[in-house]
Amino acid sequence: MIINKSFFAKLIKPLPWGGVGVGLFLYACSSIDCPVQNTVATYYSVRDASGEATLNDTLWVLTRRCDGSDTLLLNRFTGQSAFSLPVSYSHPEDTLLFVVADTAGIWTLDTLWLKKDDIPHFESVDCSAHFFHRLTDVRCTHNGIDSVSIVNPTVNYDPNTTHLYIYFRSEK
Amino acid sequence: MIIQYMKKCDIRKRRLRTIVIMLITYHLSLLTSSAQGFLKWEPDTVPFFRGVAVSFDVAGVLQRKLSDYGQYEAAMRINLHDQYFPTLELGYGEAVHENDEVTGITYRTKAPYMRLGVDVNVMKRKHTGNRIFAGLRYGFTSYKVDMDRMPFPDPVWQWETSFGVKDEKCNQHWAEVLLGIDAKVLGPLHLGWSVRYRRRLAHNDGRPGKAWYVPGYGIQESTRLGYTFNATIDL
Numbered sequence: 001m002i003i004n005k006s007f008f009a010k011l012i013k014p015l016p017w018g019g020v021g022v023g024l025f026l027y028a029c030s031s032i033d034c035p036v037q038n039t040v041a042t043y044y045s046v047r048d049a050s051g052e053a054t055l056n057d058t059l060w061v062l063t064r065r066c067d068g069s070d071t072l073l074l075n076r077f078t079g080q081s082a083f084s085l086p087v088s089y090s091h092p093e094d095t096l097l098f099v100v101a102d103t104a105g106i107w108t109l110d111t112l113w114l115k116k117d118d119i120p121h122f123e124s125v126d127c128s129a130h131f132f133h134r135l136t137d138v139r140c141t142h143n144g145i146d147s148v149s150i151v152n153p154t155v156n157y158d159p160n161t162t163h164l165y166i167y168f169r170s171e172k
Numbered sequence: 001m002i003i004q005y006m007k008k009c010d011i012r013k014r015r016l017r018t019i020v021i022m023l024i025t026y027h028l029s030l031l032t033s034s035a036q037g038f039l040k041w042e043p044d045t046v047p048f049f050r051g052v053a054v055s056f057d058v059a060g061v062l063q064r065k066l067s068d069y070g071q072y073e074a075a076m077r078i079n080l081h082d083q084y085f086p087t088l089e090l091g092y093g094e095a096v097h098e099n100d101e102v103t104g105i106t107y108r109t110k111a112p113y114m115r116l117g118v119d120v121n122v123m124k125r126k127h128t129g130n131r132i133f134a135g136l137r138y139g140f141t142s143y144k145v146d147m148d149r150m151p152f153p154d155p156v157w158q159w160e161t162s163f164g165v166k167d168e169k170c171n172q173h174w175a176e177v178l179l180g181i182d183a184k185v186l187g188p189l190h191l192g193w194s195v196r197y198r199r200r201l202a203h204n205d206g207r208p209g210k211a212w213y214v215p216g217y218g219i220q221e222s223t224r225l226g227y228t229f230n231a232t233i234d235l
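Protein sequence lines, in the order shown, are assigned to chains A and B.
Going by our numbering, the letters in the first sequence line up with residues 1 to 172, in that order.
Going by our numbering, the letters in the second sequence line up with residues 1 to 235, in that order.
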């Protein structure tokens with residue numbers, strides 16, 4: 001074997017073994033990069049004929065769990081123009097009960113059906129499983145609600161997107 | 001606690017980046033001071049074609065044995081005047097992460113990949129058998145992913161929910177810049193290593209949004225640095 005006396009020849013010989021240490025160091029740490037904003041919800045905007053409106057009445061939204069018990073999704077919502085509601089992970093259609101008490105003390109009850117496609121969303125094995133959704137249809141009864149429409153069907157982590165416009169009958 | 005762990009890892013990542021940059025700067029300073037022959041043809045009687053070498057990446061195998069993912073990789077490179085080394089790297093990457101203890105997610109993939117590129121020996125004395133490389137690579141893989149989770153209750157409605165995709169088709173193109181060394185150890189046997197900085201050029205991660213382990217590229221978004229430890233034999 002020819003032994004080269006140059007500076008590089010002396011330097012380079014032990015470097016492969018140093019590389020083992022560098023490699024171990026490189027693999028020693030990995031980070032977990034799960035998104036901080038990881039809530040998937042539908043965002044509703046309260047509207048009237050002039051555009052965005054404030055709901056002066058009081059709104060409750062409920063749904064029924066698989067065991068038949070009720071659960072409250074939105075409690076005493078009033079004086080604001082937007083609210084968010086959760087979406088079921090993998091049920092093809094969510095059924096929501098909208099209870100509105102107007103300023104005169106009259107109560108109305110509406111049922112809203114929201115159809116959707118569910119898309120499993122994966123970030124990393126270190127991040128919990130979520131579902132994104134694509135809204136396909138919405139319909140409702142019309143006691144207190146005038147109409148509901150889908151304006152953006154894609155439901156994901158983005159909290160700044162309005163998905164549905166909702167018009168209440170009691171809004172003047 | 002998780003946030004503290006993530007912060008610690010961020011600090012470690014920054015330190016690691018600093019060390020790698022220092023290492024590269026150190027090598028480059030050595031090269032600028034003494035490697036006058038960088039990219040310059042060394043006129044001598046050594047023939048243009050100097051043979052073919054094959055190598056095997058030991059780091060990827062160790063990584064696979066010690067963790068849930070890794071790759072088996074071999075490379076063939078042509079030696080042109082001890083200066084330019086067109087290189088083809090072929091490998092088989094796999095990840096089997098079963099039922100994560102925190103999230104319960106299982107991720108499986110296995111697929112071949114390839115990288116094509118060239119290394120340049122930047123040492124002044126190019127014919128000693130010892131080399132310092134700077135190189136570029138283009139990488140590509142087409143792979144399928146299975147990911148699933150054991151059924152779990154919807155947090156609001158409480159229905160049992162299953163989560164998963166099977167045989168999701170994905171692909172990725174990427175580029176690498178590398179700095180490495182290669183030392184003649186005994187006869188035709190060389191040992192060496194390379195540190196690689198990787199960037200994705202184009203990718204399709206399928207419907208679920210993101211892929212975790214990509215064969216040949218590694219874990220997405222964990223680090224852009226890669227590493228190989230090669231045993232090379234001149235044929």
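One or more of the hints may lead you astray.
Only part of the chain B face toward chain A is listed, based on derived beta-carbon distances under 8 Å [claimed, not checked]: (1) N79; (2) Y92; (3) T103; (4) Y107; (5) R108; (6) G117; (7) F133; (8) F163.
What the simulated footprint calls covered on chain A by chain B, stretch by stretch (three residues with Cβ under 8 Å from a Cβ of chain B suffice, anywhere in the stretch; the number is not a length) [to be verified]: (9) 60 to 72; (10) 95 to 106.
Straight-line Cα separation of at most 27 Å, DSSO-like style, residue types lysine-lysine; simulated pairs [unchecked claim]: (11) B:K144 <-> A:K115; (12) B:K124 <-> B:K166; (13) B:K65 <-> B:K124; (14) B:K65 <-> B:K210; (15) B:K210 <-> A:K115.
What the hints contain is simulated information worked out from the structure, not anything from laboratory work.
Values in this document were obtained by computation on a predicted structure and should not be read as measured data.
No residue lacks a Cβ here, since even glycine has one placed at the ideal position from N, Cα and C.
Taken at face value, is the distance from the CA of K115 of chain A to the CA of K210 of chain B at most 27 Å?
25 Å, holds
Hint consistency between K144 of chain B and K115 of chain A [alpha-carbon to alpha-carbon, up to 27 Å]
This hinted pair is violated, its Cα atoms lying about 30 Å apart.
Hint validity - F163 of chain B Cβ closer than 8 Å to any chain A Cβ:
4 Å, holds
Is it true that the CA of K65 of chain B sits at most 27 Å from the CA of K210 of chain B?
25 Å, holds
Status of the Y107 of chain B interface restraint (C-beta, 8 Å, chain A):
5 Å, holds
Would the stated hint for G117 of chain B survive a check requiring a Cβ distance to chain A of less than 8 Å?
20 Å, violated
Against chain A, run the beta carbon of Y92 of chain B and see if the smallest gap drops under 8 Å.
19 Å, violated
Hint consistency between K124 of chain B and K166 of chain B [alpha-carbon to alpha-carbon, up to 27 Å]
With a Cα-Cα distance of about 52 Å, the restraint between K124 of chain B and K166 of chain B is violated, given a limit of 27 Å.
Given coverage of the stretch 60 to 72 of chain A by chain B, tested with a Cβ cutoff of 8 Å and a minimum of 3 residues
holds (count 5)
So, as I understand it, the hint says T103 of chain B touches chain A; can you test that by seeing if any CB pair is closer than 8 Å?
5 Å, holds
Outcome, coverage of the stretch 95 to 106 of chain A by chain B - at least 3 residues whose beta-carbon is closer than 8 Å to one in that chain
Result for this restraint: violated, n = 0.
Would you settle whether the hint for F133 of chain B is holds or violated, based on the nearest Cβ-Cβ distance to chain A being less than 8 Å?
Check failed: Cβ of F133 of chain B comes no nearer than 11 Å to chain A, outside 8 Å.
Hint check: violations occur at hints 1, 2, 5, 6, 7, 10, 11, 12 and 13; the rest are consistent with the structure.
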